[in-house]
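A.B. asks: Residue strings, one per chain:
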Amino acid sequence: MSSTGVKFYQVGSFAVGNRLLDPELRSAQSEQGRANSLTSGHRACQGCGEALGARYVLDAAMRAAQGRMVTVNATGCLEVFSTPYPETSWRVAWLHSLFGNAPAVATGVAAGLRATGKDDVRVVAQGGDGATVDIGFACLSGMFERNDDVLYICYDNGGYMNTGVQRSGATPPAARTTTTQAVGDEPGNVFGQGKDVPRIAVAHEIPYVATATVADLRDLEAKVDKAMGMHGARYLHVLVPCPLGWGSASKDTVKIARLATESGHFPVFEAERGEVTSVRKIRHQVPVEEYLTLQGRYKHLFSPVRRDDVIDRLQAMADRNIARYGLVEEVL
Amino acid sequence: MEKPFAITLDVGSSLANHTGAWRVERPVYVDLTPPCAHACPAMEDPQKWLYAAEDGSYEQAWRTLVEANPFPAIMGRVCYHPCETACNRSFLDEAVGINAVERFLGDHAIEQGWALPVPATTTGRRVLVVGAGPTGLSAAYQLRRLGHEVTVRDTSPLPGGMMRYGIPAYRLPRDVLDAEIARIVATGVRLELSTRVDDMTAALAEGFDAVFVAVGAQIGKRAYVPAAEAARIVDAVSLLHDVAQGDPPLLGRRVVVYGGGNTAVDAARTAKRLGASESVIVYRRTRDRMPAHDSEMAEAIEEGVVVKWLSTVAHADAGHLRVERMELDETGFPQPTGEFEDLEADSLVLALGQETDLSLLDGVSDLTLTNGSVEVDSSFMTGHPGIFAGGDAVPAQRTVTVGVGHGAKAARAIDAWLRATALVEPDEAPLAEYAALNTWYYADAPHAVRPRLEAARRTTGFEEVVQGLDAETAAYEARRCMSCGNCFECDNCYGVCPDNAVIKLGTGKRFEIDYDYCKGCGICAAECPSGSILMVPETR
Ligand SMILES: Cc1cc2nc3c(=O)[nH]c(=O)nc-3n(C[C@H](O)[C@H](O)[C@H](O)COP(=O)(O)OP(=O)(O)OC[C@H]3O[C@@H](n4cnc5c(N)ncnc54)[C@H](O)[C@@H]3O)c2cc1C
Ligand SMILES: Cc1ncc(C[n+]2csc(CCOP(=O)(O)OP(=O)(O)O)c2C)c(N)n1
Ligand code: SF4
Ligand code: SF4
Ligand code: SF4
Ligand SMILES: [Mg+2]
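Chains G and U, in that order, are what the protein sequence lines are.
Heads up, the first sequence is in the numbering used here, so the first residue is 1 and it goes up one at a time.
Heads up, the second sequence is in the numbering used here, so the first residue is 1001 and it goes up one at a time.
Please keep in mind that the hints were generated in silico from the structure rather than gathered at the bench.
Idealized CB from N, CA, C, for every residue including glycine.
One or more of the hints may lead you astray.
[To be verified] What follows is a set of in silico ranges between Cβ atoms, one per label pair, in the way DEER data are often shown: (1) G:Leu25 with U:Glu1302: 52 to 60 Å; (2) U:Glu1433 with G:Leu294: 18 to 26 Å; (3) U:Phe1005 with G:Asp22: 47 to 55 Å; (4) G:Leu294 with U:Gly1304: 51 to 59 Å; (5) G:Gly112 with U:Asp1010: 23 to 31 Å; (6) U:Glu1302 with G:Glu24: 31 to 39 Å.
[Stated by the list, open to error] Chain U is faced by these chain G residues, among others (derived, beta-carbon under 8 Å): (7) Phe14; (8) Ala35; (9) Ser250; (10) Thr253; (11) His300.
[To be verified] Now the stretches of chain U that chain G is said to cover, found in silico as 3 or more residues with beta-carbon under 8 Å: (12) 1018 to 1030; (13) 1524 to 1533.
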């Protein structure tokens, strides 16, 4: 975890705030005057992880950029729930173009700022997993390859939620979406397809790649800080549970994200220039089943008949992540 | 204003959109009763003072603590800490060392010379307290705080009751006892020592408006043990009393203590300190059924005290005892077996419990006495109006802590009675259950503190056995508290709300929900570590 080094103070570095910490060590979210980049009145569902994740990321980025920042947004829930004409929830300079071109627009903004001598203004681009791993993927890969000075954030809710929960290249195997129904021998999304874009980003050997979730704020903020302290192409992939698409209780958004990491289903790591440099260790390991049972999109694995074969495959995927990234602390 | 192409409306903020209308459940902040507070017989709320101690505000912590209990340094040594038994943290790793922090605060206050608050006004009402044990002194302190004139009378030459004449000095050093009592006297309590109250009616005639009887249970129970004339038999209370007065009796080299309570253990450990080479406790049942506290038993055994379980004393002789082996029946009751054994013993100490001497109440009307104790109602008033009683003298668990609680509760009741108002005790808030906490957020902090606590335990002859914590360890231990059911301003709700609907009011002022925007998702409640937010159905 990149947010340790905090002396034991009752909640250590797990909670959002800590009254016993030095002010400069406190999280951006705990500040009374935080940027609130995405303000109240937005139309995201109750308990939306994406709305939460976006505020976490942009408030930290705003703090790091001291407010000198432009945000480029792809089409998706994040854009639709925040900007129904003529209202906006954004309290950052914010630009929307298309579903598939946010990385390219951000590249253009960065070039424009450089050309006009405003190179102290930072550029952050953001989009859903559909925008990032599917339709905008060529633009993203190009932005990586050119090492454009952009921090790109993907909010991964595992599907095209804005248009009614269709499968994306980031939908996990076995999950039910409206286009991968829970029918047949292999119900839900298929195994063996889909894209692991964080690893693909690492393969581009760009300066910085990291994953994070809305369940570990201090880790997430540390990664945004680190990324904002660098130049060139940077990529941050944030897991953001979606109560509507995942069929989960709105109160469980943070809990589900936590179980995703604690089960090994979603590995949290950092990489620089092609090498993994740190991983967030699992604190209290749980079987992947604990993660699955809170979500309606996996309900068909437990009723009417329990599909141990499928659950085992998902567990095997988590185990593979654990082995690949060394997520479990070696007991000496 | 001229608008760009295809733009017809002015830009607006989403703040115009009150998403609070979507809500079917609303979050509300609550203050629940932490189990530690619920369990404390002296009505302390450990969560409150641990919270203050966490950031080193020791004086504030101490001041909060002494509102309930003026004896933290004593408590930190002799209280059996039911708070720790109840502590929610024991479900996570180990209970918070509440008692050790309490002792630290108490000792620190003595070092710093902090004084108890003196009442601003006086009511002119006079209360007589009979007995300067923990019960009487606690009542005197609280009555004084409420502005009454208090006189405490005690038969003994020095105040403290069983804290001085029962509990041995190796567990409760007398300088600690003296310091905490002196602080109470300094608030203006009048202490009349070596003054026995024999006649309650006469005392009342002196012009007292109310009396609190806190005479304890001073007389050691005598069970019938067939004994030869020459056998040396003493009772434990007298033994401890004489030792406390610096006049220890001669017990000989081999001492047998008969009984299984804390007093038996104290007598056996005291015998060791008086030079006995063998100190044996004879007890009818097994260790798990022994009322003596585990830690004290362990310390006694470390010091070489030996226990003969499942045994009774059948006959005492000069120099030796006849002991019968017992067996537990199905109900756990010890039954004789007819198997005997001889034990060498120069003296036999009986530690079979204490009785109360209530002769001072002779002739007082309307009292109910049960098994030698005086009955009181829920406001600690006896059947006789204006005469209240508490502590060891009434039917209850007999501990210093219970006595302090009785004293404090009785003081409130006496105050109400003197003012001729009804005593309204606020209802206790619901209990903060472990299941309502989100313990993910508490840093793992179980064992680091243990070795230091363990290392602090040393037997040093007649000196105090258990040593205190240093400031650093005390703060560390305080920080293990999970603040059950009480907001400790971790900012989690403020952070995790996807709708910015939690308003942070600033340090010490906690938070407020902005119901204009709260959609009622419930994340704040689910992620509140201390279980201080409840979701309740929306009533609109
Ligand atoms: C050996 C021993 C060890 C113990 N260890 C512990 C322990 O570790 N922890 C714990 O919590 N509890 C312990 N206890 C129990 C605890 O000491 C008592 O429950 C507690 O002291 C009761 O307080 P009290 O004020 O009601 O009575 P007491 O402490 O007995 O005080 C009563 C006072 O009233 C005075 N008095 C009596 N009659 C009169 C009269 N007619 N006129 C004037 N004064 C009078 C007495 O002199 C005495 O000072 C122990 C008890 C004993 C005997
Ligand atoms: C070229 C194009 N195709 C399709 C759409 C319709 N569309 C808008 S948002 C969206 C899905 C967004 O999914 P994702 O990027 O994962 O964001 P989410 O809504 O899940 O946050 C789609 C298909 C579009 N706007 N443009
Ligand atoms: S559909 Fe999912 S991602 Fe979209 S607003 Fe609702 S919860 Fe958020
Ligand atoms: S964790 Fe703290 S508040 Fe909770 S029971 Fe233990 S001492 Fe009391
Ligand atoms: S997290 Fe926010 S929106 Fe959800 S219940 Fe709490 S205050 Fe309301
Ligand atoms: Mg999506």
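A.B. asks: Which earlier hints can't be squared with this structure?
C.D. replies: When the structure is compared with the hints, numbers 1, 6, 8, 11 turn out to be violated.
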